[in-house]
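Colleague: Start from the sequences and build out the full structure, keeping to the hints where you can.
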Amino acid sequence: MNVPLSWYLILAAALFSIGLFGVLSRKNAIAILLGVELMLNAVNINLVAFWRYLDPANMAGQVFAVIVFAVAAAEVAVGLALIISVYRRRKTVIADEIDLMKW
Amino acid sequence: MTVDRIIFLVPAALILGSAVMVVITRKLIHAALWLVAALFGVAILYAILQASFLAVVQVVVYIGAIAILFIFAVMLTRREMLDKGAQTRSNWWLPALLGLLILVGLVFLIIGQPAFGQPAAALPAGLDALRSLGTALVSPDAFVLPFEVASVLLLAALVGAVYIATGNKE
Amino acid sequence: MPFLNDPVNFISGWMRSLLFGWGLPSGLVTVIIYFIGITVLVMFAMVLDIFLVWVERKVVARFQDRLGPNRIGPFGLIQPFADIIKLVIKEDITPTGADKLLFNLGPVLAIASVIILWAILPISSKIFGVDLNVAVLYLVAAGALGTLSIIVGGWASNNKYALLGAFRMVANMVSYEIPMVVVLLIPTILANSMSVQDITQAQSGMWFAVLSPLALLIFLISAIAELGRSPFDLNEAESEIVAGFHIEYTGMKFGLFYAGELLHAFTFGGFIAVLFFGGYGGFFGLEKLGIFSWLNNSFVQAVVFLAKAMFGYWVIMWIKYSMPRIRIDHMLTFNWKFLTPLSLVVLVNTAVLSKVLSGLPGWGYVLGMFLSNLIIGYITVEILRAYGRKQRKTEANPSPQRLQN
Amino acid sequence: MEKYIIWLLPLPPLLSFFAIILFTNKRKALSHGIAVGAAGLSWLGSMFIFIRALGVKEFGSNIFGSSINWLPTGSTWLKVGVQVDPLSAVVIFFVAWTVLAIFIYSIGYHNFGQPKGDHDVAGLPPDGATVTEHGHTHSVPSIEPMYSRFFAFISLFAFGMYTLVVSDNLLTLFFGWEIMGLCSYLLIGFWFGKPSARNAAVKAFMTTRIGDVFMLLGIAFVYSFTGSLSFSEIFKPAMLTALASTPAFFGLSAAGIIGLLLFIGTVGKSAQWPLHVWLPDAMEGPTPVSAMIHAATMVSAGVYMIIRMFPLISAGWTEGLPLNTTMSVIAFIGAFTALFAASIALAQNDIKRVLAYSTISQLGFMVAALGIGAYVAAAFHLVTHAFFKALLFLGSGSVIHGVEHGVLHTGEHTDPQNMFNMGGLRKKMPITFWTFLIGGLALSGFPVLTAGFWSKDEIFAEAFGNGHILVFIVLAVAAFMTAFYTMRQITLTFLGEPRTKAAGHASETTWTMTIPLIVLAVFAVGFGWVGIPEQFPGLGGLIPNWFHAFVGGTLAELPKEVGFSWVPLATSLTVALGGLFCGWLVYRNVKSPEQDFLQIPALKNKWYFDEIYNFLFIKPATWVAEKFTSLYMDQIVIDGVLHGVARFSLFLGHAFRTYFDKPVINEFIGDGTGSVVKASGTGLRKIQAGRIQYYMVASITVLVIFALLFYFLLV
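Residue numbers (my numbering), protein chains in the order written: chain A, 768 to 870; chain B, -2 to 167; chain C, 7 to 411; chain D, 460 to 1174.
Derived coverage of chain C by chain B (criterion: at least 3 residues anywhere in the stretch with Cβ under 8 Å from a Cβ of chain B; other residues may be distant):
(1) 140 to 146
(2) 157 to 166
(3) 176 to 189
Chain B side only, calculated, beta carbon under 8 Å to chain A, not exhaustive:
(4) Q47
(5) L51
(6) A62
(7) I63
(8) L66
(9) V71
(10) Q84
(11) W89
(12) P92
(13) F113
(14) Q115
(15) P116
(16) S129
(17) A133
(18) L155
(19) I161
The hints are simulated quantities; they were obtained by calculation from the structure and are not laboratory data. Using N, Cα and C, we set each Cβ at its ideal position, and we do this for glycine too.
Modeller: Structure, rendered in structure tokens:
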């Protein structure tokens, strides 16, 4: 493993930033969730890389990656259910048009 | 430039390229499929990092469940096949700037840490990562509580999602 | 003869020394050898696939009291090649409204999701792609790719039948994945490992099919559902949605879906063999005797494995050509209300009993596991019988309210 | 094996609590079955643990215990766990016995099997039922209306006690402590229909709360200093040395401050002066049972806690050195409480109140013993006292029950708890009499036979032998008073002739009440024999001094047994026998309160402590609220200011309206401002767009800006 840890971290940072960009710039609510998934994966890359590079005997990194999986699954299930529910009522999934809380 | 580095760079390029496509592509289905590609790249990274269990679970959970859910949701929330018009907000440059700033800041901080420049040591001999992960998840001395909390969270999300998506049946 | 004992390593060692002799760097040599290995494995699978077309057609003909292909070549053996030529020279249509990239990606993914399974299929103790320590999960992960291929193909066709078929297929696959994953844990528990090699070795004394026949049954049912074959062939139910997700596909793209399905069925036959019938081994300890030591030979093992896989494939075909298609709500109900709970019960039973009985001598352990499965099976059948009786009663005397609705 | 059972010890009562509350509230027999069964299970487990503990050599250093990680706090874990060391083993022994005894006793006390009362309502004591039998009607006791609820509460109480005893850390100990506080509130106010019970419940809760707050402060101090709450961590020698040598406030070391704060918790829970006022009022609860909880078990928890924390309190002190400040305070409070409460008990006429003050006094003995460093003596007296005081309370409940029976039978309206309405019960209630007598003798320290003698004698010996003469004298006087009022009580209650018709018709209570009495009486006698000092003349060494070796092993080094001396033994004999004899002599002919020369107002009124507190704290608070805040501040100052402002505003408004508003605002600015505001509002409301991404962009922008500022300005 001749790759320095910083490469993984930079990759994760880049993935995180791309995901953040997606979250902030996409119109479609589903696309926003896609961005969130990218961000969660960036976190997971960090967790696993730290596990491998710093302390492989301690499984904390992998365990929390597993927990992030669970959280991601929960988040997608609830998020998509909400989006579908909103779509049924308002016939739109554009985040900017879901502005009942306006003013 | 050793083989190791090439083996890292190929999936890394796949991940970043796919991730960029996820956020800029116009067709939402394509975005979801690019997400699959990006997540597959992450699975490859896990395999490179010798976290074989996570690699396979990544494929099972993300591609087998989450991506499929996304595609379903995309299909269920439209009346026509194609996405028309701009898919990004008009002031997309601000998020781009923010993302860039965060990236630059993080890279700056990461490079500033000499400890992060080290290559990884070999895994300790006799470490069965799969077995010790399993033990860690259910051992009371380790992470059984977070693990149980996560399972309760999943159950709650399951019930909540079913309730929300069912809607009120009069 | 080292070649007869370990053909793969023998050949790869020979090629490695050959390539070194040409002055190539070691990293490149490794890459080339892996590449060649992968190619050989894939070629083997694809050639087998062609043969499977013939088998399928021949067997279905016998089931339906026909002769099957018999004109081209001896016993019609050349018929598949004629089919291939026909498919290749047909017009390759991409519908106008289709999403071109995805439309072409679908069939590729479909066959790829099957081929990658061959990476972990242990053909013999020496001939195998890779011995993953998470092989059982890998099987599920590959299934996820299969799901993806179908939804991609169905969506990209821009055809309502295709989309409906894809939806049905995905609902089917995602649902039946759950009992499948649960049941896959049973060989894992019994062998104390997720590696298919370890699972095979663990069955050298006794097949897991005997230790947990219910698990075998559940795995078989969910495998058939995963394949989308009759009685779960709702994705291409001709009488309802014409041809389902591959309605728009022609020529070789259709051929890939078709070939993928056949190979998938055979591969699942192989996994049934590995997980429940001892794979390439499982001779009940016979191979330890001096006169039967030839059973340890790689080629003998490969033949044994392929025979067992073919048997599994044949059972899947048998079911396909004997059962009518079931309704989609019945299919989902069957999974969620019957198969999933049953698989959980079997899992808990196996987990508890394998600990409790571990102190017993071998035959006591086997007997205990087998009897517990029989008991669970009997209770299940009784519950089903009671349920069916009640159902028939309500259907025979419908209440006035139900008639009104 | 043992450690798993320890985890399970508190569980059955908790399950029984939930089962009764949730499911079996209507089924009285099932409820008490569940509760007694649960107590029985815990009893079984406790006995198993105790017997296993006896079999372990040098148990003090090989204790049973296990702990799990509970809450991650940064890089470390907050652990919770259980342990049984010699101290908790003996405590768990008496807790298991007394809890089981109360549970069984409660069945009889709440008149299980009797008919429903005529006028009984939930929240008031049952008041008798009329039964027609063979053509004539008569009154019988009636069953408690909230029977099941009572068992639920005492189950929860038992859970709290077990949790406290098996805890290996201050956190779960405090958890059990607070559960018992809650249960004590619920049980004192069990008959919430009586105003006195309501007030007593609130008083008990509030008073103990004062102690608990200080105790929590102490726990927080421990945690912030040592980073751990488990006893094994805190009591490490290095840690204790550090604690003892770190100066904190008021010239005390950290250990001293922590010890004082925790001791205030004990003062509240174990009703030491000056927070003793709640305990006598707690006798408002269902007569013997909640009283017994407040005598044998819960108040013992306070003493148990302070004994448990003894290594911390005595950090830096070794036997022979002068006491440190904390220990002196503890010794003073204990000795003072012992004397002071005993003096009040002399003049009480209510059978239960005498015992309540006696409890306070005896707890004072234990606290004083601990204060002078007599660790084993304090623990010994804790155990023996729990047995004989439980016995006395249950006995007094039995007496009251018997007299109540007489009251119902005769229809006479007499107070069944006033000792002057009794007399001559010896023949009516023989079992109660004999067990009560045993308990009373044990309380007075009747020589050689009773457990109380041995434990009290050990305290005297330690006090005298280590040169704490003042404590010794005070305790001796208190012990004399103890013997005196005990004999007064026995004489008034059981001896002589019945002084009322009700007493004349009293009858022995049912077996569910007498069996616990007999069992406890056995312990009240026998438990003293395990701690006979080695050098005691004649008897010493016949039975090895098991208790000292066993409990003393809890400490890092075994405390020395104090040498034998005739002075404390002679004192002990004199005060016990003398007090008993004087009590009998004075009261054998007393017929009514008028003939009792000890009905001095000061004693009768408990040295006016309730009145003093009323005057010092409650009156001023009420006065401040009613007079100062409400009348003066609110009605005169604030209202006056407000009225003035209002008048001034009216004037000002009028002026403005005439000279400013109409000409300037309306005509010049008026509509202009309106349109400006409207325009800016229209502009600004765009910020409140209701669009989630808008908010996210804004917040992350701010985040990035602050990160940059932070980095460039601060780093």
